[in-house]
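Enquirer: These protein sequence lines map, in sequence, to chains Y and P.
Each residue of the first sequence is one higher than the last, beginning at 39 in my numbering.
Each residue of the second sequence is one higher than the last, beginning at 589 in my numbering.
Among these hints, one or two may not hold up.
List of simulated lysine to aspartate or glutamate pairs, EDC-like, C-alpha gap at most 16 angstroms [claimed, not checked]:
id, chain 1, residue 1, chain 2, residue 2
1, Y, Lys97, P, Asp700
2, P, Lys743, Y, Glu143
3, Y, Lys207, Y, Glu42
4, P, Lys743, P, Glu675
5, P, Lys820, Y, Glu143
6, Y, Lys207, Y, Glu95
7, Y, Lys52, P, Glu675
8, Y, Lys264, Y, Glu67
9, Y, Lys97, P, Glu864
10, P, Lys820, P, Glu758
11, Y, Lys52, Y, Glu143
12, Y, Lys97, Y, Glu51
13, Y, Lys97, P, Glu802
14, Y, Lys207, Y, Glu108
15, Y, Lys229, Y, Asp277
16, Y, Lys282, Y, Glu225
17, Y, Lys207, Y, Glu67
Simulated from the structure, these hints should not be mistaken for laboratory data.
Nothing here was measured: the structure is a model prediction, and the numbers come from that model.
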Amino acid sequence: MLLEIAHLNVRYEKAVLINDLSLHVDEGELVSLVGPNGAGKSTTLRAISGLVAWEREIKRRSAGGEIVLEGTVTFDGERIDQIPAHEIVRRGLVLCPERRRPFREMTVLENLMAGAYLLRDRQKCRGTLDKVYYLFPLLQQRSRQIAGTLSGGEQQMLAIGRAFMSDPKLLCIDEPSTGLAPLIRREVFDKISEISRLGITILLVEQEVGVVFQMAHRNYVLSSGKIIAEGTGQQLLADEVLRKTYLGL
Amino acid sequence: MNILITGLITGSMLALLAIGFSLIFGVARIVNIAHTAFYMVAAYCIYYLSVRVGLNPLLSMLTAVAAVTVLGLLVYKFLIDPIREHEGAVLIATIALAMVFQEVTLRLFTGDYRTVDFLITGFFTVGGVKVFYQQLLTFGVVLVTLGAVWFLLMKTRLGLAIRSMAEDREVANLMGMNESRLAMITLGISVALAGLTGAVLAPLTVLNPYMWMEPLIIMMAVVVLGGLGSIKGSFVAAFILGFTEALVVFLVPKGAFLKGSVALTIMILVLLIRPEGLFGVSFEEER
Ligand SMILES: Nc1ncnc2c1ncn2[C@@H]1O[C@H](COP(=O)(O)OP(=O)(O)O)[C@@H](O)[C@H]1O
Ligand SMILES: [Mg+2]
């Protein structure tokens, strides 16, 4: 197992965001985490990549509201639930965050280089950049353009490319298709499949159940902070109640 | 001509101050009211070392900048860092710090005006205006420093991390950038810039323990005009204000006392008309 989350709990003040969540991702898999808005998908990704703990620390230091974070996260054979976000990346767990969040004032190339911040080896950095340019030729054409002036789809490609520059073993992608036109969505999903075929393990959070169930090896359905179902797309779609109530199909 | 020279020198120095102030605000959201107090401390350091101790002026300057930087880092480590996420507390702490610097200086050197000798003497005349070599030297050093800061920010790995942290610190964390280390480094750079400004300005001005207040107000105006956290904005706004100031002093007879009020007026106007400044990004929630 590359990633194993066991009994994860996240609470903000009184609100329970994640309730005893356990899931795992094997090496080479493309696993999806789906569920309605507000189910806790982003919170799960933020928890494993260290951002919830980071936020908790800020809240504590500024005497803001309390955040509770419990459970264990094991990545590549090591516990990572107690180490800071900037160290987690170094081990190969990389998050491409919700709403893309490019550095808008920087050029495309600078964004990619920011992603490669930990790649001190020039050779390797160059090689990874070539791979990103191969995957997203558009980013090469636009390398000198200011990221804030890219279209939504281009910004999403950039966000994924930037995460790829961090040399991930596990790439977590949060809602890459949200807010994009159907044709562009298709392209984004194709790129994700391509990255998966390169051998990179992917944990994909999405709302677009239809496409995702075809791509992913396995899927988890999340609702109100709890995993309510797990399986292949076929298995999940066969469940009438699940389909109607949670997947909206 | 006089306006041009004064404007250029004032503008470039304001830029140096404002960029340092913006940098640490951008990276760590620290509003450092004591920023210009560090500049005063540097100026007094030079006075002490060169006039009282009799050290070589150039050596005094280097020592002063180094000393102020170390002082800044110590203050950061023990005073600011523990309360860094608490914006109100940081504001109060840095105001208090500026006061402490002022009072200590007052104790050590009294309130008398002090002067530091020119590094190089002499002048030449252009269009009937005296230009001192010292003015030229100060301007040159400031320009070189501005260039160096630009290079650091735009062309190095550290600069990329600083800019990333300033733009979106959460995402910067996700790229493996170490927030507290970067904050520390940035604070060092910021205070060093304030120290350097004090160092090169010292020979051109008279020193007194209250000399940090006026530049603080003008620097704030620069930062507001340029857009909080925007380096490019600080740069442009610094020259705009530098020239405005020189113009006012030149056009209004005995108008030097108006400098502060002009800056304040500009600041208030900007806040009313365009709160995000010339280049600032409108404040977006981080989440
Ligand atoms: N910083 C926060 N403070 C309090 N509640 C939050 C915060 N972030 C998210 N939530 C709440 O937690 C729930 C789960 O959010 P999220 O993980 O973003 O859901 P999803 O990504 O599945 O749409 C939502 O009800 C949301 O309102
Ligand atoms: Mg979400």
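Enquirer: Work down the list of hints and note, for each, if the structure agrees.
Expert: Hint check results:
1. Between Lys97 (chain Y) and Asp700 (chain P), the direct Cα distance comes to roughly 46 angstroms. Violation of the 16 angstroms bound is thereby established for this hinted pair.
2. Distance restraint check for Lys743 (chain P) and Glu143 (chain Y): the Cα-Cα separation of roughly 15 angstroms lies within the 16 angstroms cut-off, and the hinted pair is therefore satisfied.
3. In summary, the hint linking Lys207 (chain Y) to Glu42 (chain Y) is supported, as the alpha carbons are separated by about 14 angstroms, within the 16 angstroms threshold.
4. At roughly 31 angstroms between alpha-carbon atoms, Lys743 (chain P) and Glu675 (chain P) are farther apart than 16 angstroms, so this suggested pair is violated.
5. Note on Lys820 (chain P) and Glu143 (chain Y): the hinted pairing holds, with a Cα-Cα distance of about 11 angstroms set against a maximum of 16 angstroms.
6. For the proposed pair Lys207 (chain Y) and Glu95 (chain Y), the alpha carbon gap of about 27 angstroms is over 16 angstroms, so the pair is violated.
7. Restraint check: the Cα-Cα separation between Lys52 (chain Y) and Glu675 (chain P) comes to about 25 angstroms, which exceeds 16 angstroms; the hinted pair is violated.
8. Of the supplied pair hints, the one linking Lys264 (chain Y) and Glu67 (chain Y) is violated, its CA atoms being roughly 22 angstroms apart against a limit of 16 angstroms.
9. At most 16 angstroms may separate the alpha-carbon atoms for a hinted pair to count; Lys97 (chain Y) and Glu864 (chain P) exceed this at roughly 26 angstroms.
10. Among the hinted pairs, Lys820 (chain P) with Glu758 (chain P) is inconsistent with the structure: their alpha-carbon atoms are about 23 angstroms apart, more than 16 angstroms.
11. Between Lys52 (chain Y) and Glu143 (chain Y), the direct Cα distance comes to roughly 37 angstroms. Violation of the 16 angstroms bound is thereby established for this hinted pair.
12. Of the pairs offered as hints, the one joining Lys97 (chain Y) and Glu51 (chain Y) holds, with about 11 angstroms between alpha carbons and a cut-off of 16 angstroms not exceeded.
13. Pair hint Lys97 (chain Y) plus Glu802 (chain P) does not hold up; C-alpha atoms about 35 angstroms apart against a cutoff of 16 angstroms.
14. With a C-alpha separation of about 24 angstroms, the suggested pair Lys207 (chain Y) and Glu108 (chain Y) falls outside the 16 angstroms cut-off, and the hint is violated.
15. For the hint linking Lys229 (chain Y) to Asp277 (chain Y), the alpha-carbon distance of about 29 angstroms lies beyond 16 angstroms, and the restraint is violated.
16. Taken as a hint, the Lys282 (chain Y) and Glu225 (chain Y) pair is broken in the structure, with Cα atoms around 28 angstroms apart against an allowance of 16 angstroms.
17. Of the supplied pair hints, the one linking Lys207 (chain Y) and Glu67 (chain Y) holds, its CA atoms being roughly 11 angstroms apart against a limit of 16 angstroms.
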